[in-house]
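Q: Residues per chain are reported as follows:
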Amino acid sequence: MVPLSYYLALSAVLFILGTAGFALRRNIITIFMCIELMLNAVNLALIAFSRFLSDLGGQLFVFFVIVVAAAEATVGLAIIIALYRNHESLSVDKLDSMKL
Amino acid sequence: MTGDIIRLFPEIVLGVSGILVILFAPFVPPRRQSLLGWFALFGVVAAGAADALTARDPGLAFGGSVSADSFSVYFIALFLLVAGVTILGSIHYLERENLPAGEFYALILLATLGMALMAAGLDLVLVFLGLELSSLSTYILAGYRRHDKRSNEASLKYFLLGSFATAFFLYGIAFVYGLSGTTNLMTLARRVGAAGGPNRTFAAVALLLIFVGLGFKVSAAPFQIWTPDVYQGAPAPVVAFLSVGPKAAAFAVLLRVFFGPLSEGSHMAFWLLWLSAILTMCLGNLAAIWQSNVKRLLAYSAIAQAGYILVGFAAGSADGRSAVSFYLVTYALMNTGAFLLVAQLAGGGEGRTEIDDYKGLARECPGKAAVLSVLLLSLSGIPTTAGFLGKFYLFRAAVDSHLIALTIIAVLNSVVSVYYYFRLIVVMYMEEGPAAVSTARLPGSLWAALAVSVAGIFYLGIFPSAFLEFARLTSNLLPH
Amino acid sequence: MKDILLLMLFPPLAGAFLNGVFGRRYPKALVSAIACGASGLAALFALIGAWNYTRFWSPAALPLRIGTWIRAGAFRADFALYYDRLTLVMTCIVTVVAFLIHLYSRGYMEHEEGYYRFFSYMNLFLFMMLVLVTAGNYPLMFVGWEGVGLCSYLLIGFYFPKKSASDAGKKAFIVTRIGDAGFTVGVALMFWTFGTVSFHSLFPKVALMPAGWDSNALTAICLLLFLGAVGKSAQLPLYVWLPDAMEGPTPVSALIHAATMVTAGVYMVARSNVLYAHAPIALETVAIVGCITAFFAATIAICQNDLKRLLAYSTISQLGYMFLGCGAGLFATGIFHLMTHAFFKSLLFLAAGSVMHAMSGELDMRKMGGLRHKMPVTYWTFFAATLAICGIPGFSGFFSKDEILAAAYNGPLGGPWLYWLGTITAGLTAFYMFRALFMTFHGPSRVPEDLAHHVHESGSKMTGPLIVLAILSVIGGYVSIPSALGGSERFDGYLAPVFFSSEHFLRTTAAHAPSGGWSGLTLMGFSLAFALGGVFAAYWLYLKSPELPARIAERFAAPYRLLVNKYYVDQFYNWLIVRPIRVCSESFLWKRVDAGAIDGGMVEGSGAVTVALGGILRRIYSGNLRSYATWVLLGAVMWIGYILVMR
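Just so you know, the sequences run in chain order U, X and Z. If you're matching positions, the first sequence starts at 4 in this note's numbering and goes up one per residue. If you're matching positions, the second sequence starts at 14 in this note's numbering and goes up one per residue. If you're matching positions, the third sequence starts at 5 in this note's numbering and goes up one per residue.
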């Protein structure tokens, strides 16, 4: 059996990749996908824990996370469309009309 | 089962009225949109009555995932206060800006529901759901002026960074689950208590990840960074809501998590809170000094206020916790009122939000200037206002916990803050007009909202004792 | 007793509320009727309270608890009043003077815009002042203390479209805030040290401290409280706001900046007499600061040409006397002078207001002269007040000032040099006051042509209060005829229950031996000689040979310039504090316009720090989403790193 630490390491790597992508990519859609990546890293960790603890709660939790992620995608894409209509650009670097 | 439902009654009322508002919306003629507002307000009042009902029968519900206790009753009452005042203050705003009313009130009600679940939830899954419900609603609300570029930008920034932070929060919960095999705070408390508890480092990391997510919501440094952009760009009545509601809800969860079962890790996290409090205060106050835009100034002030609240956190004592609860209410009164009034003064399209636009306002509209001054005086912590006593309790708790350096820094910060709050007052009272802000008469509903704020500020500032007793009850974090 | 005090406090608050909220729609007659009625009722109830107390309770101190206010752990501050003979004296002075000034303002403010606003603030002020003097603990006193400050800023800046007025308001706010910070810290320290902040439990606790008890903390508390008094009562080095405060309407100067608010510091020191008696170092500081301020302000006053500013410096100087009296260890003398000063100084201001009214706002004494024939009532009342402040025998100031000088000489903490500096100041006082009198009312008229025909006596609304105050200024001193003149010092005796134990304690423990030596009569002779010398010098220079002052100014150019420019203190503060701040803020304003031009060398010192700070902040709040995410990430990584290292 694959030990728990492997799963956790993979989850951590995915999570870090997500955060790094968030900070490095310029396209809003890509950034949004990086967030999804982070959520899935969490899901992986939850399922691994659930398996090793022999407890169904974790897997149940994952379903909630998936549903919430779907809702988040709906809201997020709606916001992105509204933004695109006004700005006609999907680069985050152009969004700095407000600063100190 | 009936008992369970009664203990969840406020949340149910909120959810049902939120859905009803959105269902009714298409059938209400465009000219009578304010009816929806009054209906939503009715929903809030009904939820308040339900909250009072819950208070009479405290206890656990739904297999221990929800708790109706003095803590949840107090915080739900606070959220309802904020929601009610915001709804009252938005009725006119929505008409003026020609924005659809149904969705607005529904989203406010649903966000309030989410916050209520955060305060009442004992299961971290439920807390997470509440957090997401309130967040998603406020993401949309922040972009509610769809055709305004700044509102879009604010909404997007809030959404992306918010989801980013939520992922950390979720990761933290996953760690807690991995550590203990449960997400229920009560069970967790039992398991931590038994058998030496889980690995302390692991607990601390989990706590920290949770702190990232919630610290984002409360604008605690270094996660406060989104605040000014979002508050500046979002519609002002929305800011009135979101600068207080989700913040208070996140503080409620932080209270339960930090001082509840994971307090093992929170000893390590003490310096984290200490440093975060200082950073938050300084980064808020110092940046506020340079502002020329009122909304942005209030945004930085909101960061600084979060810093003061974190001082109460760092104190760590029961006194500190009740001071946090007390301050959240005073903060809700001051900040909601201030943003609502700014929304009205900004005029159509929110075009007038520069400090210079307020020149000579006192001469033209003494009433508005006086109300805004009271709110600002309270924010700056002048005696006889609630803001003073709130700060006083927070700092005193810190002193009692021997955090002298932290208290001194906090006091210095509040001295600095006097400068920028008074700048606005000085502009209103002592500079020549004519005021560029809207000098139209305040609509009655907004007067009512402001009257609640001002009356509350003076009531809590002069007769705090009775209320403080109530706040003290919230220092019992978990039901026994 | 409690109900009477509440009845006294209520009318001004109600009046302020009524006028503030609805006043704009009321006719002027109603506004002034409300305001004067409210202050009149307050005066009435103050007198009823005094009578009731004297009849049933005197001389016991009454702590009167009304309700719970703040309770947090061991810290307790209630809505509590405290009534003893000192409170009695203060409430009577405050309400009576305030009532007279309200009456006077009816006439003075008749043609001003914002009539209702003025009266609303005045009533609010009266309420706050009464809270200050009746409060039963330090936090509540602080509420009144801040409240009177707030009203003072509002009233100084009353003519706010005038830039100098709003600047003066801001200055008063900022300067007194320094003092208030001291007061707050002092009260906090008091709580830590003694565990209580209410008078009736604190004073016995301090008084019963065993001999040889380490009083360093108490000294610090007293010094911090005194810092508050220095700000509020305009003593060195925080006096700079008071002369500028003269931008406010004259009745305000009379009520707030002469008779009541500025004396709050003296009252506070007297109220805390038990604390100060056990902290002799602090008390000595009070005496020294008071004495030097008295002298310093008097020297500035002799070169002032603006009538109200001259009176402002004179107020600073007289407040210095009060602190000298308290600081010398005889608190009753300070309160006695506070009372007589309230009468004659508010009279001086009101008379100056009457002159100003006649002169269409002109205050430069070089453009006056010969007004006595045109304004007889104003002249005679001003004359009476001048005689009182100069300490001419028979007038109230004589009795009170002489007691202070006697206290400075042989009080428990007195000393010869305090006495001599005080006596010289008395001479200077007589000089500048008679100079003002002569320049304004005597000699040939220097009134500009266009104003001359306009000069007239003020109406009875204004002269009435002047006459009443003049009578009080004359007879006010007879309540305490010095023992040297065969009197029994009844006023001091009356306040003895409040002060006796402190004064006795000081007498038994003070390091100084009493100076002894001269008798009271000799001391009185010296001060009288100085005062008459001052009067004579003023007579000689400003009536007999009016060309002399210019020659003297020429001959002693350097000291003259120093005095005319008020020792350059304002400039010094400006250079030390205001300018660096302004430079910073301007450079920031400029930089916000052109963010690219971040250029170090343009501001020096503290400026550079703030510039750097602004740069850092700008980098943080850049508006760029990715940089925001990086900050969040950095924060998270740092915290996690910390935990991993610290485990």
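Derived by calculation from the structure, the hints in this document are not laboratory data. Every value quoted in this text rests on a predicted model; they were computed, and no experiment measured them. Some hints could be false.
Stated by the list, open to error - 27 Å max Cα-Cα, derived DSS-like pairs, lysine-lysine:
#1 X:LYS162 x U:LYS97
#2 Z:LYS548 x Z:LYS32
#3 X:LYS162 x U:LYS102
#4 Z:LYS371 x Z:LYS548
Q: Would you pick out the hints that fail for this structure and give their numbers low to high?
A: 2
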